[in-house]
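From first to last, the protein sequence lines stand for chains A and B.
In terms of this note's numbering, the first sequence opens at residue 1 and continues consecutively.
In terms of this note's numbering, the second sequence opens at residue 1 and continues consecutively.
Treat the hints with care, since some could be wrong.
To be verified - Heads up, incomplete: computed chain A residues facing chain B, CB under 7 Å, no partners named:
{"hint": "1", "residue": "V30"}
{"hint": "2", "residue": "H31"}
{"hint": "3", "residue": "A37"}
{"hint": "4", "residue": "E43"}
{"hint": "5", "residue": "P44"}
{"hint": "6", "residue": "G57"}
{"hint": "7", "residue": "E70"}
{"hint": "8", "residue": "R74"}
{"hint": "9", "residue": "A75"}
{"hint": "10", "residue": "P79"}
{"hint": "11", "residue": "S88"}
{"hint": "12", "residue": "V90"}
{"hint": "13", "residue": "M91"}
{"hint": "14", "residue": "L92"}
By construction, these hints were calculated from the structure, which means they are not laboratory data.
Just so you know, even glycine gets a beta-carbon here, dropped at the ideal spot from N, CA and C.
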Amino acid sequence: MPTWIIVAALLLVNAPVLAGPWDKLREDGVHDPRSPAINRLQEPGDALSKLTPDSAGNMVRWVQSLEKGEINPRANLRPDTKIRLYDSDVMLNLNGGMPMVKFPHRQHTLWLDCANCHDHLFKAEAGANKLSMLAILNGEQCGVCHGAVSFPLTECFRCHNTAKPGGKPPRPSLPIAIPAGAVPPK
Amino acid sequence: MSQVRRILQVCLLLIPALVAGIPPAAAEYADVVLNRRAEKEGMRPVIFPHWFHRIRFRCKVCHQELGFKMRVGSNDVRMSDIVEGKFCGACHNGDVAWAPDQCDLCHSAKRGLPTGIYGGHETLGPGRW
């Protein structure tokens, strides 16, 4: 069997997926295709295709998109809300098998307030929190957001990003630029 | 005979492609379906798209100022709250965003979908979400 026939057949059969990583609302499996909202709501692809691309989640590098000014989301509704930003990295997983985690407060406080995590999820003291990958995978701790809304837990080395002294370096990040026409993992 | 075998070969090779080629009913990552009461009250369930909202608002606006807890199903929001300007109603008031009389724009999900977070990635936690 000539290989090109197999490749052509695979491409043909998978053609619907090649249209892009974002489903149309009417085909996304959760919107009712007969809902009058379908032609009025913004399509994900129309908004997200203009932002810095990623290979997982919403296929958008949300932090980079914010820092580049591609988006400018409001930080408060009420004028008296104090907007708290904090720039300090915390090193985590100092003794585990994986590379260490450099947790950046800065990127997190761009989106979140201190009280979103402290102290009901994490005590505000380095070394005071016993973190568990199983808990995270189960939607606790970091997993309250990562794996649900922020980048998913398939992206191990985005968090495990710092080699231990004498340890193996973290795997280099995968390229984030998605070539035109490529089919990123859904 | 070899012709038949070749045809069978093609069919076998196409099975995984067919399965993979069906667009998954997966929503956009972090879409939330809300159906605590909607369908019992005769409305379609609500879809809350995180992607749309985070282009316009940082997480802290809803999860700090408006008091939405970060766990699907843990926010008991009634239409009366929204009309009074609480939760969604802080913006969905006809001023910042469409008013609550535009029922169908939020109540746009397929009937029968349970409350939950959709569009998850492969490593979605073992059942918690």
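Cross-check of the supplied hints:
Restraint check, V30 of chain A versus chain B: the minimum CB separation of about 4 Å is within 7 Å; hint holds. A distance limit of 7 Å between C-beta atoms decides the matter here; for H31 of chain A the minimum to chain B is near 6 Å, and the interface restraint holds. A hinted interface residue such as A37 of chain A counts as satisfied when its beta carbon comes closer than 7 Å to some beta carbon of chain B; here the least separation is about 4 Å, so the hint holds. For the restraint placing E43 of chain A at the interface with chain B, the shortest Cβ-Cβ distance is roughly 10 Å, beyond the 7 Å limit, so the hint is violated.
With its C-beta approaching chain B no nearer than about 5 Å, P44 of chain A sits inside the 7 Å limit, and its interface hint holds. Evaluation of the G57 of chain A hint against chain B yields a held restraint, the C-beta minimum of about 5 Å falling below 7 Å. The interface hint given for E70 of chain A is violated, since its Cβ lies 9 Å from the closest Cβ of chain B, which is over the 7 Å cut-off. Here the hint on R74 of chain A is kept, as its CB sits about 5 Å from the closest CB of chain B, short of 7 Å.
This hint holds: A75 of chain A has a C-beta 5 Å from the nearest C-beta of chain B, less than the 7 Å allowed. Below 7 Å, beta-carbon pairs count as interface contacts, and P79 of chain A has none with chain B, the closest being about 11 Å; its hint is therefore violated. Look at S88 of chain A: its Cβ only gets to about 18 Å from chain B, farther than 7 Å, so that hint breaks. With a least beta-carbon distance of about 19 Å to chain B, the hint placing V90 of chain A at the interface is violated under the 7 Å criterion.
The criterion of a C-beta within 7 Å of any C-beta in chain B is not met by M91 of chain A, whose closest approach is roughly 24 Å, and the hint is violated. At its closest, the beta carbon of L92 of chain A sits 19 Å from a beta carbon of chain B; the interface hint therefore is violated under the 7 Å criterion.
The structure shown violates the earlier hints numbered 4, 7, 10, 11, 12, 13, 14.
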